[in-house]
Amino acid sequence: MPGVEGYMYPNEVSLYWSVLIVLYPYITGLVAGAFILASLERVFRVEAVKPTYRLALLTALAFLIVAPLPLQLHLGHPERSLEMYMTPHRTSAMAMFGFVYLWYLMAVLTVEIWLDYRADIVALSQTTRGWRRLFYKVLTLGSSNVSERALHIDERVGWFVTLIGIPSAFLLHGYVGFIFGSIKANPWWSSPLMPVVFIFSAMVSGIAAVMLIYMATSRLRSQPIDMKCVDTIAQYMLYTFIIDFSLEMLDLIHRIYEADESFRSLDFMVHTKLWFSQVILQICLGTLVPIVLLGLVQAAKLTAASRKRIYAVSGSLALIGIFAMRWNVVIGGQLFSKSFLGYTTYKMALATREGLLVSVGLTILPLFILAALVKLLPPWTKEQPDAEALAVTGD
Amino acid sequence: MSIFRDAGHLFRLAGVYLAGTLTFLVIRAAVVPHSFGQYGHYRGAAIAEIAAKPLHYAGHQTCEICHSDIARTKAAGMHAHVNCEACHGPLAKHAADPSIDPGKPDVATLCVRCHAASAARPKSFPQVDAEQHAGGVPCNTCHQPHNPAIAAAGGSK
Numbered sequence: 001m002p003g004v005e006g007y008m009y010p011n012e013v014s015l016y017w018s019v020l021i022v023l024y025p026y027i028t029g030l031v032a033g034a035f036i037l038a039s040l041e042r043v044f045r046v047e048a049v050k051p052t053y054r055l056a057l058l059t060a061l062a063f064l065i066v067a068p069l070p071l072q073l074h075l076g077h078p079e080r081s082l083e084m085y086m087t088p089h090r091t092s093a094m095a096m097f098g099f100v101y102l103w104y105l106m107a108v109l110t111v112e113i114w115l116d117y118r119a120d121i122v123a124l125s126q127t128t129r130g131w132r133r134l135f136y137k138v139l140t141l142g143s144s145n146v147s148e149r150a151l152h153i154d155e156r157v158g159w160f161v162t163l164i165g166i167p168s169a170f171l172l173h174g175y176v177g178f179i180f181g182s183i184k185a186n187p188w189w190s191s192p193l194m195p196v197v198f199i200f201s202a203m204v205s206g207i208a209a210v211m212l213i214y215m216a217t218s219r220l221r222s223q224p225i226d227m228k229c230v231d232t233i234a235q236y237m238l239y240t241f242i243i244d245f246s247l248e249m250l251d252l253i254h255r256i257y258e259a260d261e262s263f264r265s266l267d268f269m270v271h272t273k274l275w276f277s278q279v280i281l282q283i284c285l286g287t288l289v290p291i292v293l294l295g296l297v298q299a300a301k302l303t304a305a306s307r308k309r310i311y312a313v314s315g316s317l318a319l320i321g322i323f324a325m326r327w328n329v330v331i332g333g334q335l336f337s338k339s340f341l342g343y344t345t346y347k348m349a350l351a352t353r354e355g356l357l358v359s360v361g362l363t364i365l366p367l368f369i370l371a372a373l374v375k376l377l378p379p380w381t382k383e384q385p386d387a388e389a390l391a392v393t394g395d
Numbered sequence: 001m002s003i004f005r006d007a008g009h010l011f012r013l014a015g016v017y018l019a020g021t022l023t024f025l026v027i028r029a030a031v032v033p034h035s036f037g038q039y040g041h042y043r044g045a046a047i048a049e050i051a052a053k054p055l056h057y058a059g060h061q062t063c064e065i066c067h068s069d070i071a072r073t074k075a076a077g078m079h080a081h082v083n084c085e086a087c088h089g090p091l092a093k094h095a096a097d098p099s100i101d102p103g104k105p106d107v108a109t110l111c112v113r114c115h116a117a118s119a120a121r122p123k124s125f126p127q128v129d130a131e132q133h134a135g136g137v138p139c140n141t142c143h144q145p146h147n148p149a150i151a152a153a154g155g156s157k
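Protein sequence lines correspond, in order, to chains A and B.
Our numbering applies: residue 1 is where the first sequence begins, and numbers increase by one.
Our numbering applies: residue 1 is where the second sequence begins, and numbers increase by one.
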């Protein structure tokens, strides 16, 4: 049979989970990571990252809106997804996703954005015209109280919501890792480390995405990049990356040392079918190179222009590397036979419901949603970069 | 109370969420079938609906009422525990009206369904490469399907 080597059970030849299921943890990871970056400013008072606070929240919202779409497209019948809420299945982790998603969207992200933007929304409802005025009027919920006391209450409540949001972000993405980690029949997935690895890789990807979006939007707006801000973000990205890489290596060393009955089969797969995506793309280009580059910035005194280039390269490589990690988990876990005697091949279609074009569309769709959100709720009006921190303009 | 005035917008937000939750509960009460959860995580009334569907399989006890000779032959062989309709297909219509001829299964495709060599089958299970084993000769030339051992058909095993 073409694409099959050795012996596969009949139901293992074709992959059930396509590239869309790769996208799903990738996108939710970006959401969780972007939110955790936002929480750095709000809860942990890391003032340097303030210029990205609102942008991080809007990025998280834009990606969160798109997060269920890969699942909807993969499963078909999107109207049935509502049944998760109508008849909740409390013993199924997958079925509980609807509530995890709803909690994060409605109780955390929307509330935090609303509270932070309320004063702006009230001002916009009074200064705009036409449908925009109506839109902002609806968002004010009929209250235009932006007194100092009211805003102080918003600040306190917003802080509390962010505080709840941190474990919620961990829940959102840890849950995705849990889904894979709890599948005991699949030795490639079954690991209690999986949720933790997913969370830290999510933080890396979310931080990298917000950093890149901040740099790109600054350039598009011909505004200077706050170097103190991106330096701090890059520093956090490096720390998170090191933890993420250590956890992944811990998992790998544990598997090699334990060498259970699946090891030879999985080892062969990593050296053949996953060599490029795992060893070259995920570990070398997507992890080691960015860690070395970000480490170099910490160790050497580089110019602002060099640092910006390094951040752009390492951020992009990190995003590619984390996507490769999701790919290797989802696709890799379906390439080998549970008999450990054979391997199959995943051939991505081009223009089908689960093909390459749809995947590319879903990956860039959040950027369009973010552009619309930025237009409606401009994140830069409140905080302008500190003039002293501006080392160079955003060229 | 200034706290109620200055936090009024939060109460409005809570009101929106409460209204949303109530709307959801009303919709849920309207669309979830009353028998849902009666026996488990499914619609209880579905059991009666499925039970009311027409039967397609007669069951081997029904077959054996008329075909007792075949039942005796089958009971003596390796296919003793293979149900009649596993090979012959659903025969409820034939059982209700014996004049309906159910036809004979095509042995060229039927036997290999279970006996084609496959690494997934237990080694002790009889399995052959049909082309090498029979060279296109129908299986029932040598094997009597109801008791397939060749010795049972009068030859040496």
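These are calculated hints, taken from the structure and not from any lab test.
C-beta: ideal position from N, C-alpha, C; glycine also.
Fair warning: there could be bad hints in the mix.
[Claimed, not checked] Here are a few chain A residues that face chain B, going by a calculated C-beta distance under 8 Å:
#	residue
1	TYR9
2	SER143
3	ARG149
4	ILE153
5	CYS284
Outcome of the hint check:
| no. | hint | result |
| --- | --- | --- |
| 1 | TYR9 | 6 Å, holds |
| 2 | SER143 | 4 Å, holds |
| 3 | ARG149 | 4 Å, holds |
| 4 | ILE153 | 5 Å, holds |
| 5 | CYS284 | 37 Å, violated |
Checked against the numbered hints given earlier, the structure breaks only hint 5 and satisfies all the rest.
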